[in-house]
Structures are given as C-alpha cells and as structure tokens.
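Protein chains in written order, with the numbering used here: chain A, 1 to 362; chain B, 1001 to 1358.
What the hints contain is simulated information worked out from the structure, not anything from laboratory work.
All C-beta atoms in this analysis are idealised placements derived from N, C-alpha and C, irrespective of residue type, glycine included.
Treat the hints loosely; a few may be bogus.
Looking from chain A toward chain B, a few residues come up when the C-beta cut is under 8 Å (computed) [said to hold, decoys possible]:
1. Ile65
2. His166
3. Asn176
4. Phe177
5. Val181
6. Glu264
7. Gln273
8. Ser277
9. Gly320
10. Leu323
Subject to a maximum C-alpha distance of 30 Å in a straight line, what follows is the list of computed DSSO-like cross-link-like pairs (lysine-lysine) [said to hold, decoys possible]:
11. B:Lys1106 - B:Lys1060
12. B:Lys1202 - B:Lys1148
13. B:Lys1148 - B:Lys1182
14. B:Lys1103 - A:Lys318
15. B:Lys1106 - A:Lys318
16. B:Lys1202 - B:Lys1184
17. B:Lys1120 - B:Lys1028
18. A:Lys318 - B:Lys1028
19. B:Lys1103 - B:Lys1060
20. B:Lys1184 - B:Lys1196
21. B:Lys1120 - B:Lys1103
22. A:Lys318 - B:Lys1060
23. B:Lys1196 - B:Lys1182
24. B:Lys1120 - A:Lys318
25. B:Lys1060 - B:Lys1028
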Amino acid sequence: MRIKLVPRQTHSKVMTWMTPVMALVLSLLSGTVMFSLLGYPPLESLYAFFISPISDLYGLSELFIKATPLAIIAVGLAMGFRANVWNIGAEGQFTIGALTGSALVIYFPESDNVLMLPAMLILGVAGGMAWASIPAFLKTRFNTNEILTSLLLVYVAILILSTLVHGPWKDPAGYNFPESVIFQDVATLPIIVPGTRLHFGAIFALLVVATGWVLFSRTLAGFQVRVSGLAPHAARYTGVRSDRMVWYVLLGAGGLAGLAGIIEVAGPIGQVQPLISPGYGFAAIIVAFLGRLHPLGILFASLVLALSYLGGEFVQIKLGLPLGIAGVFQGMLLFFLLSCDVLINYRVEFRRPGTKSSASSA
Amino acid sequence: MRKVLFAAIAALFCVAGSTAVLAEDPLKVGFVYIGPVGDHGWTYQHNEGRLAVEQAFGDKVQTTFVEFVPEGQDAERVIRQLAVDGHNLIFTTSFGYMNPTIKVAKNFPDVRFEHCSGYKRADNVSTYLARFYEGRYVIGRIAGAVTKSNTVGYIASFPIPEVVRGINAFTLGLRSVNPDAKVKVVWVSTWFDPGKEGDAAKALIDQGADILVQHTDSPAPLQVAEERGVHAFGQASDMAAFGPNAHLSAIVNNWGPYYVARTQAVMDGTWESGDVWDGIADDMIVMAEFNPNSLPADVIADAEATVEGIRSGAIHPFAGPIMDQEGNEVVAAGENLSDGDLLGMGYYVMGVDGSIPN
Chain A
1 MRIKLVPRQT
11 HSKVMTWMTP
21 VMALVLSLLS
31 GTVMFSLLGY
41 PPLESLYAFF
51 ISPISDLYGL
61 SELFIKATPL
71 AIIAVGLAMG
81 FRANVWNIGA
91 EGQFTIGALT
101 GSALVIYFPE
111 SDNVLMLPAM
121 LILGVAGGMA
131 WASIPAFLKT
141 RFNTNEILTS
151 LLLVYVAILI
161 LSTLVHGPWK
171 DPAGYNFPES
181 VIFQDVATLP
191 IIVPGTRLHF
201 GAIFALLVVA
211 TGWVLFSRTL
221 AGFQVRVSGL
231 APHAARYTGV
241 RSDRMVWYVL
251 LGAGGLAGLA
261 GIIEVAGPIG
271 QVQPLISPGY
281 GFAAIIVAFL
291 GRLHPLGILF
301 ASLVLALSYL
311 GGEFVQIKLG
321 LPLGIAGVFQ
331 GMLLFFLLSC
341 DVLINYRVEF
351 RRPGTKSSAS
361 SA
Chain B
1001 MRKVLFAAIA
1011 ALFCVAGSTA
1021 VLAEDPLKVG
1031 FVYIGPVGDH
1041 GWTYQHNEGR
1051 LAVEQAFGDK
1061 VQTTFVEFVP
1071 EGQDAERVIR
1081 QLAVDGHNLI
1091 FTTSFGYMNP
1101 TIKVAKNFPD
1111 VRFEHCSGYK
1121 RADNVSTYLA
1131 RFYEGRYVIG
1141 RIAGAVTKSN
1151 TVGYIASFPI
1161 PEVVRGINAF
1171 TLGLRSVNPD
1181 AKVKVVWVST
1191 WFDPGKEGDA
1201 AKALIDQGAD
1211 ILVQHTDSPA
1221 PLQVAEERGV
1231 HAFGQASDMA
1241 AFGPNAHLSA
1251 IVNNWGPYYV
1261 ARTQAVMDGT
1271 WESGDVWDGI
1281 ADDMIVMAEF
1291 NPNSLPADVI
1301 ADAEATVEGI
1311 RSGAIHPFAG
1321 PIMDQEGNEV
1331 VAAGENLSDG
1341 DLLGMGYYVM
1351 GVDGSIPN
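For reference, chain A alone in the conformation it holds in the complex (with noise of 0.2 Å):
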C-alpha cells in the first residue's frame, strides 16, 4: 500500500476549519508521549502548558500583552508576502521604531506635554518605515535581494541600540549601567485594565488587524498586492507598477513593525535597555504563516505563539520541566500547526500498488 498526497481542484473548506483542530490532537498527543517518557506526568503538563497560564484576569492579560508586538508585526508582514516581498527584517526595523519614538524621552525626560506619546508613536512609525526604505530603495534601484538586506539591516539597528544605550542614553543617574533613564508617565501607554500589565498598545493590536482586514479583502489596493504575488506578470499588464507595490508593502511592514517597537518600550518595558525585543521580529514570520497570511488568522496565531511562550514559563515553575524540553514542545505545536495545513490543498490517498489513481484515470 502506498500513501500519495494528491492536489485538490479547490481549497477544502472543511479542511481550513479541521487542521487546526487535528494539529491541537496531534501535538497532545505527542506531548502526552514525550512528557511520560521523560517522566513527566502528561495530563498535568499539558494543563500547566495550555490552561494555567490563561486560567484567570491576569494571565489573559499577559497573553493579550505578549501577542500584541507578534500580530502587528505579522499584518504588516503578511501583506508583503502576499505580494511576494519578502521582509526579513522586521525585527530590526522594530527596534528603530522604539528608538526613535524613544528619543523623545531622552531628549525632554521631564516634559509633562499630553503630546508626548501620540508625538513618540508617530516617530515610532516613521523610525520603522526609514529603516524599511533602505531595503525597499535598494531592491527598486538595483534590484537588491531584499531578504538579504533587509535581515543584515537587523544587525546594524541592534548595534544602534547597543551603541546608544551604553552610551549618550544612559540614566546619568544610573551608575554607568546601561539602561536609559524610566519613562515618565505622558511617555507611557495607559493601562487599559487595572491591576495588570494590559496596556493600551493592545487596542493598536485589535485596529491593526481590523484595518489589516478591510484594505485585504475590501479595497483595490488589498487586491492589487495579492494579483502582483500570485500572477506578478498579469498583474503588470493591468497597471499595478511592481516597484510601487515593492514600496507600499515594505514601508506598510516596517512602519508597523516600528509602531510595535515604540509600543513595547512604552508599555510593558518603560525604558530602553540593551535589549527590547526578544526576537518578535522573527517570531511574527511564524506568526504570519500559522495565520496563513490573513489578519484575523494572524490575531489567532498571535496568542497561540503567545500562549506557547507563557506555558513554557509555566511548566518549568510548576512542574519544573527544563526549558528545552518545554521548546521542543513549542516547537512540535508550531510543526503539526503548519504542516497540517497541506491537507487544504492536498487530499491524502491510500493506493494498493499496481492500481492507477484517481486522478490519472479520469
């Protein structure tokens, strides 16, 4: 008996739905065997995992707080692969996000202008839209790979940061260490419920996968981008201009990216310090695909990852599962997730050898 993966004509609508559902089966399932051969007991790992991070106000809350930097990067990273653009390098263009809108602090650390934050916001975006506009300029003008470019780009925001943080943004008050001094409170995102960490930033999270949604599915220029990804030449033929489109979807990603940068040390970090992102930049790639590419399948895939981060913590505080063990885990749900998701295009067929298939017999 051989086992074939044969193309569907169509999508499977019953498949779109059903994926996710045996991917979570799937990843139980192998959790239930990894955590009992390693000597864990299963059944309370995988709720230490799963349940107890989100069990009450405060762990939702954390949840909401970690996702929100992974979707609104991942709507703007989306759009660019849509359009076959691919951005690598959102992890950088985020933290030139943060450190633009930063550096208002830095500059005025004792105005008490109610204009600060939308003022540092704005500086956020447009900080993560300059660093996008190298790789954008370079693939334009000299048809320059922009995953190299803009991935190298990461490197160089990084050492930015480091460079200013150990230097001309240290607290004058902070003995040498490197850290800038706390943001005052007109420079920090309100919190939206009191008693957590839930910060406004997490409504930015919500308007940008909403907006994400209408210009995608509603608008010409949602349109526009998915034609030039999936048929670049017949989309040339009605007027899209591809180098437009290059510009539009890398300046889009990286002014959101930097939007979640300038969120992140205003909310939940409050200062700059050498380091800002623990590699959202790269986790809302994950993200984007889990969410295959659609705003609302991104706000999914945003707390799924989250959630996978918080349980990580939590199997090693409750049950004191080593950190590995709790990433290969993580990294088993992220595996079953995507490769589920070739049963919407493909059907599984069982053939006898020496029978013809289907498909070729039709």
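Since the structure of chain A is provided, determine the placement of chain B on it from the hints.
Using the frame of chain A, we list chain B on its own:
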C-alpha cells in the same frame, strides 16, 4: 441532615489536614536565570548555588528555576508568577531584572527578593554581588609571572563599571610583579557568543598575547588558547576541562553560602533587606586549582599567599599609589580606593592599552 453533618465534619477534617500540611510545607525558593543552566559560566554558577540550598535543607525547601528569561518585558511576568505560586524567596540573577524585581516586589510585600548586581533596594528587596576584582588581582599576579611576551589579551563584554574594574584590578596585579607587562583589550559587546569570543582570542594571540583573560561567559577563548599553545584563565566557573594545559586557574563565583544563609534567614524570620558585596574573605569568590602542570611552584605559592593576603585584609587590590593611563595619581600611597569609587569606575589604570569605548 445527617448528610450535611457528615459533610461538615469531613470539611473540618480537610481543613485540619491542610493546615497540618501547611505547617510542614517546604519553603519555596525561586531563581530567575538569564542564560541556560548549562552555560558553564554565570548561570551555571547561580544554579550551583541553588543546588547548595537543596543540599543544605533537603525537603525543608523546594526550589524552582526559570532559565533563559529575556531582560525585556518577560522578566516581570516570570518574577510575578513565582511570587503568585507561593515562593517566599526569589533570586533574580541578572542586572536587567532590577526594575522588574522592584515593580513586582511592591505588590508582594511578604515575599523576599534578592537581586544580583543592581543598586535599587526596598524593604523586601536586597542586592548582592561578589568582589570579582579580588580574583582578578590574583590572576593578574599569576599572569605577570608567567608571560614571556609581556602582552596579555583581555576579552571584555561591555564597558560597564564592573568590567572596567576587573580590567584595572587585573592590570594592577599584573604590573605589581611585572611592571613592563601591558594589557590589550578587545570589546566583543556580548556576554555569551562563543564565535565572537573565539575570534577575539585569535586576534589577541596574533597581536602577541601569550595569556588570555576573559570577562565573557563561554569557554571558547580557553579552547582557542589550548589549540594555540598559550595560557588562559576561566571565567565564573572552573573551566579546566575545556583546556587542561591552557587553564591556569579561574575565578569561581561561589553563591552557595550566601543563598543558604539567606534561605536560613527567611526560615528563622530574621531576613532583612541589605546590600552585600562579599569577596574572597567570605568565600563568595573562590579560586579554581592553580594548575600544577603549567605553573611553577613559586608562582603557585605567591598566588596562594595573595589569596590569603586578600582574605586577611593585608592586601587590597586597589591600594595606592595608583596612576591612571595619563600618569595622574588617582589614589595616593597609603590609601585604598573606596567602595563608592570602585562601583562607579570609568577609567583605565596605567598599563592598559587603548581607551574605553563610549
């Protein structure tokens, strides 16, 4: 009615039972680590301290650790969760955890926090750090006696006072036995990056260094030294296994005694907020074995005497006269640099090549 009565009695027993268990509940001690426990450097040593607590108190304590916690917004969540989960004492072991620790501590006045290397304290937040520079002075004296090229390569992480102080203490030790020797510093802008550290080690050897010192956490420089036939010192933990011939000694961060003492204090109800900066005298700094195969007996004897001198207080690594790079006297003869000046150190002493990046 009988059912209700029965239920009430059962409930009573349950409560009684659970309070009995509560009384014998182990003290929960939590640890937050910046790296993996297997880094063989900074985090590895903190984890050794945790194991010392388990060893000392057995089932009277229950320890928990969370590793690889980034210094961004995640730290606050992890620290808070440890507090929520009933940990009575929480050690946060990286500088970047300072503000998150202070924030969480405000909401958990009954939980004790210990932050390593910071300067912000509260009624329930202590700080602690080791006088690593004492060990640096000891290895400086060894290097001064052993170097033939009179050039020592120093792999440094970030130009914070801690690292600058280490470079200076090493240089003072080095030149106290060998006034012609000098120190070349390479800044690698990382605490842990075997590739970068190894490259820096090669570059320094190519520039004539026959001894390597590192203020980064991976054993890579030591491995390079072993390959190239020069000598080196381990960082934070005994790294002899990574370069049996190259390894001359190492400054070992020995957190165990402090962690045990603080846990005991919480059990006794005598814990108080404070600031501890202990060194060789309190065994917070211990020297790894002085390699008998690579060091002459007289050098080992001198190193041991230096350790004892520091322990007794007869030797202060920053005893005057100390000159800065330009030859200005920063500490007069007969005086020692104060702790305050040490904590904010931002200049090189004479004998260090180059300048502090800024």
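Each hint tested on the structure:
{"no.": "1", "hint": "Ile65", "in the structure": "7 Å, holds"}
{"no.": "2", "hint": "His166", "in the structure": "6 Å, holds"}
{"no.": "3", "hint": "Asn176", "in the structure": "5 Å, holds"}
{"no.": "4", "hint": "Phe177", "in the structure": "6 Å, holds"}
{"no.": "5", "hint": "Val181", "in the structure": "11 Å, violated"}
{"no.": "6", "hint": "Glu264", "in the structure": "7 Å, holds"}
{"no.": "7", "hint": "Gln273", "in the structure": "6 Å, holds"}
{"no.": "8", "hint": "Ser277", "in the structure": "7 Å, holds"}
{"no.": "9", "hint": "Gly320", "in the structure": "6 Å, holds"}
{"no.": "10", "hint": "Leu323", "in the structure": "5 Å, holds"}
{"no.": "11", "hint": "B:Lys1106 - B:Lys1060", "in the structure": "27 Å, holds"}
{"no.": "12", "hint": "B:Lys1202 - B:Lys1148", "in the structure": "18 Å, holds"}
{"no.": "13", "hint": "B:Lys1148 - B:Lys1182", "in the structure": "12 Å, holds"}
{"no.": "14", "hint": "B:Lys1103 - A:Lys318", "in the structure": "23 Å, holds"}
{"no.": "15", "hint": "B:Lys1106 - A:Lys318", "in the structure": "23 Å, holds"}
{"no.": "16", "hint": "B:Lys1202 - B:Lys1184", "in the structure": "13 Å, holds"}
{"no.": "17", "hint": "B:Lys1120 - B:Lys1028", "in the structure": "24 Å, holds"}
{"no.": "18", "hint": "A:Lys318 - B:Lys1028", "in the structure": "12 Å, holds"}
{"no.": "19", "hint": "B:Lys1103 - B:Lys1060", "in the structure": "29 Å, holds"}
{"no.": "20", "hint": "B:Lys1184 - B:Lys1196", "in the structure": "17 Å, holds"}
{"no.": "21", "hint": "B:Lys1120 - B:Lys1103", "in the structure": "11 Å, holds"}
{"no.": "22", "hint": "A:Lys318 - B:Lys1060", "in the structure": "18 Å, holds"}
{"no.": "23", "hint": "B:Lys1196 - B:Lys1182", "in the structure": "23 Å, holds"}
{"no.": "24", "hint": "B:Lys1120 - A:Lys318", "in the structure": "29 Å, holds"}
{"no.": "25", "hint": "B:Lys1060 - B:Lys1028", "in the structure": "9 Å, holds"}
Against the hints set out earlier in the document, a violation occurs for number 5 only.
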